[in-house]
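Please take these sequences and the hints and turn them into a complete structure.
This is what each chain is made of:
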Amino acid sequence: MVFPGTWSDRDCAHAVLDVLREPVRFVDHREQTVDGLDLVILPGGFSYGDYLRCGAIARFAPVMEAVTDFANRGGLVLGICNGFQILQEARLLPGALLRNASCEFRCEWVHLRVEQSNSAFTLDCRPGQVLRIPISHGEGNFFADAETLDALERNGQVVFRYCAADGRVSEASNPNGSLRNIAGISNTHGNVVGLMPHPERACEPLLGSEDGLVLFRSAIHALTRVAV
Amino acid sequence: MAVAIDRAQLEAVALNEQEYRAIVRAIGRDPNDLEVGMFGALWSEHCGYKTSKALLRQLPTEGPHVLQGPGENAGAVDIGDGLAVVFKIESHNHPSAIEPYQGAATGVGGILRDVFAMGARPIALLDALRFGPLDSGRGRHLFAGVVGGIGGYGNCFGCPTVGGELYFDEGYADNPVVNAMCVGLVRHDRLRRASADRAGDVVLLVGADTGRDGIHGATFASVEMNERSAERRPAVQVGNPFLEKLLCEACLRLNELEGVTAIQDLGAAGLTSAASELAHRGRRGIDIDIDRVSRREQGMSAYDVMLSESQERMLIVVRPDAEASAREVFDHFELHADRIGTITGTGRMRVRERGALVADLPLKALIDGVPLRTPTATFAEQRPAPVMPAIEEPEAILLDLIASPNLRSRRPIYRTYDHQVQDNTVIGPGFDAALLRVPGTNKGLALTTDGNPRYVALDPYEGTQAAVAEAARNIVCTGARPIAVTNCLNFGNPERPLIFGQLQESVRGLADACRALELPIVSGNVSLYNETSERNIPPTPVVGMVGLLDDLSLRCPAGFQEDGDIVFLLGETREELAGSEYWRLLGAPLEGRPPTVSFEAERRLQAAMLDSIGRGVLRCAHDVSDGGLLIALAESALYGGRGLRCPGIVGPVSREAAYFGESQGRIVVSVAPRRVPELQKLMTTHHVPLQTIGVVGGDDLHVGSDIRISLEILRQAWETAF
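Protein sequences appear in the order of chains C and E.
My numbering runs 22 ahead of the 1-based position in the first sequence.
My numbering runs 2 ahead of the 1-based position in the second sequence.
Keep in mind the hints are simulated off the structure, nothing from the lab.
Mixed in with the good hints there might be a few duds.
As the list claims (entries may be wrong) - One-sided and incomplete, this derived list gives chain E residues near chain C with beta-carbon spacing under 10 Å:
{"#": "1", "residue": "Gly-154"}
{"#": "2", "residue": "Asn-157"}
{"#": "3", "residue": "Cys-161"}
{"#": "4", "residue": "Leu-245"}
{"#": "5", "residue": "Lys-247"}
{"#": "6", "residue": "Leu-248"}
{"#": "7", "residue": "Phe-335"}
{"#": "8", "residue": "Glu-336"}
{"#": "9", "residue": "Arg-417"}
{"#": "10", "residue": "Thr-418"}
{"#": "11", "residue": "His-421"}
{"#": "12", "residue": "Gln-424"}
{"#": "13", "residue": "Thr-427"}
{"#": "14", "residue": "Arg-439"}
{"#": "15", "residue": "Thr-443"}
{"#": "16", "residue": "Leu-554"}
Heads up, the beta-carbon is just placed ideally off N, CA and C, and yes, glycines get one too.
Following this line, the structure appears as structure tokens:
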């Protein structure tokens with residue numbers, strides 16, 4: 023999905039098309055349908071400049087109605103960074119992303135512990151597996167009320183937590199103040215996942231890590247399984 | 003001849019009486035107010051280069067791979083595979099001194115537009131910054147604002163900020179230096195020049211509406227500042243990176259269309275400069291209907307519209323039959339385009355308002371007619387180096403040095419910049435040079451900016467040469483071969499003979515160094531009058547350099563890689579301490595002769611490096627620069643997370659010079675033990691001196707009986723917060 027101000031669209035396409043050799047279509051925010059797609063990615067960027075509130079304008083784009091239908095029918099949707107923010111604004115995922123606790127933009131490598139291998143984007147992961155993937159955001163501080171947080175934990179919707187290289191989750195490994203170190207979550211069915219880190223930046227050893235590939239590979243795996 | 007204009011009006015546009023008379027001679031009559039404003043803007047130092055133009059002629063600008071030298075929006079160099087790298091560095095010092103966030107942000111915006119106006123997709127940004135000490139409120143305000151502005155703009159736009167440098171010095175307390183460099187890529191056949199060479203073509207103004215912001219910005223950047231400069235805040239523009247992103251995508255798409263003649267960004271002196279430059283480059287004229295320009299507010303005069311520096315605007319020149327397809331592109335990106343004029347065959351710029359001709363000027367006079375100024379130059383006498391006491395506690399000195407503002411880790415700054423977007427960053431910020439993949443190839447581009455202001459202050463000629471040599475060394479340390487240079491010359495008020503002397507010597511050093519290394523200068527910018535209440539900045543030439551690595555798999559990192567590797571110092575250490583960070587730490591006066599460059603030795607060293615890296619002999623390489631050898635060794639240890647055991651460093655120089663001297667032409671390298679003979683042979687062949695330093699390993703930096711510091715303590719000092 024390309025909204026005005028999206029910029030990770032080309033990076034996601036690079037990961038899926040150039041690295042994984044799967045076909046890619048750029049979908050304009052004014053399109054009315056996502057028919058024919060197996061997987062929808064809402065990439066990172068500053069949609070509409072993030073001038074009002076991150077994702078708050080993009081969620082009214084015509085294409086978001088189609089994305090919502092697609093998600094509700096069980097279609098696979100991945101929101102990365104700004105895409106995660108848009109999914110929350112569109113109520114496809116719970117919670118909110120506040121300004122980083124440091125009040126600064128942060129671009130750096132972090133470690134993520136995979137908490138759930140049931141989501142469509144972590145099928146190929148071991149629970150507890152540690153991934154090295156960068157973040158790049160100013161507003162990724164995950165927030166939800168206590169009740170929602172408990173429900174997320176209970177339903178196994180917490181997919182990724184910020185952790186140390188050895189997998190330990192602590193305050194020191196939390197780059198932005200996210201409650202319970204949450205870096206990514208899914209909806210109850212596990213077909214919609216949003217995360218702040220950028221897996222598309224970690225798909226080649228040349229760029230420092232290929233740990234991000236597992237998200238895209240899992241999705242391809244999930245789609246093949248459905249087809250069978 | 004009496005001057006038919008009052009002094010105050012001339013002062014407002016920073017013209018002198020002699021220049022006014024030249025205008026009257028060129029147009030055969032007295033200019034009206036609008037015309038005076040237009041001349042003032044284009045004949046300003048910022049646009050007209052009237053003080054520096056004669057000096058800049060000595061710079062080497064040609065080379066076998068140069069596709070576009072200075073004079074366009076940016077320079078362009080062939081990198082093979084049908085691709086060109088497009089780049090330029092530019093200053094935004096004056097606006098940043100008044101409003102640091104927006105000043106820096108719009109500096110980034112301006113340089114991005116220069117690159118995408120050439121049809122190139124911006125792939126990297128770098129920033130060279132100089133501030134006063136952070137112990138004052140103003141120092142902190144400027145620093146935080148500038149860093150925030152750079153991140154705010156670049157992050158939102160989606161171009162990675164991959165490098166740059168940062169110095170603190172008392173001399174920048176009033177006037178910070180904010181230079182932004184942008185690098186882009188384009189296919190040769192789509193490299194665009196902003197030249198409107200066809201009469202009858204349609205001129206479209208695209209992007210933001212025109213407001214009253216930035217009026218006289220070019221003029222403001224061409225005069226010294228004083229306590230009333232804050233009143234110039236309205237001359238600082240406000241950036242909108244989101245709009246710029248749309249504008250960039252639209253221009254890149256437009257660049258693929260037939261019938262698009264020229265794309266030109268509106269920067270300093272706004273519409274006046276952009277319109278006249280593109281018409282003049284094509285040896286044509288231009289008619290502008292000012293009523294067609296969309297505005298942000300009512301009641302704007304023709305003067306306001308012609309001189310506004312509102313950001314995120316581009317001029318697009320298209321054949322009449324291509325206007326519809328161009329408009330489709332703008333509509334797709336929801337951009338607004340006004341048809342504001344036509345290219346003519348008159349060689350004049352004619353501006354109409356409500357049907358009446360309000361300005362009618364010959365382009366040749368506007369663009370090329372500025373009388374060049376030839377100020378007097380004097381040269382400061384070099385004083386002997388001070389006599390300093392011998393070093394007593396090297397370990398404490400090393401810790402203090404690595405924690406000092408000029409040497410400590412820049413991570414707190416660059417982690418607020420997105421340095422990875424676009425998926426090409428192979429080596430990010432924090433090392434000698436950044437290394438980016440050229441998308442779709444196995445090639446890499448190495449990028450750096452350099453300029454040690456203390457060396458230049460001591461000797462503008464030698465100091466500027468050192469900046470070029472160091473930039474090239476930084477590039478070579480990654481394994482890439484330097485291919486071309488851009489530069490930004492930041493100086494004080496050139497009407498003062500000492501300042502003009504600095505400028506003159508610096509440009510001579512730049513020219514000689516680039517010739518010696520056979521590097522063409524393809525773009526650049528001059529920022530003079532960096533003066534407040536008679537305090538001038540130290541002379542600050544900044545060299546931006548691009549290098550090409552043909553095979554990314556051969557790249558060389560800067561940190562120690564494997565325990566047991568043998569560490570060597572390449573190059574010769576001399577008794578050179580003047581201008582060093584060590585002497586600054588000791589509070590020594592800035593006197594003496596700075597480290598000098600032997601270009602013969604430099605060429606040999608760089609050839610030896612490329613040969614060694616090309617054969618895969620080196621495990622790591624790191625330039626020895628600010629802080630000297632021990633700092634370079636400590637950095638390689640910290641980058642790699644591995645210690646070093648060095649039995650001691652002996653040589654023909656004092657312990658101080660061996661540890662902390664900043665002799666040029668030196669590089670620290672590490673090699674696997676079995677490849678040591680190969681390295682020795684290569685260095686002999688290239689006539690490069692080689693000194694064994696020690697062995698990689700352990701958790702300490704260990705140098706003879708003088709130094710034993712754990713990496714953890716070293717890291718804590720290095721990561722001292724700003």
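Inset, instruction - Hints the structure violates: just list their numbers, smallest first. - result: 15
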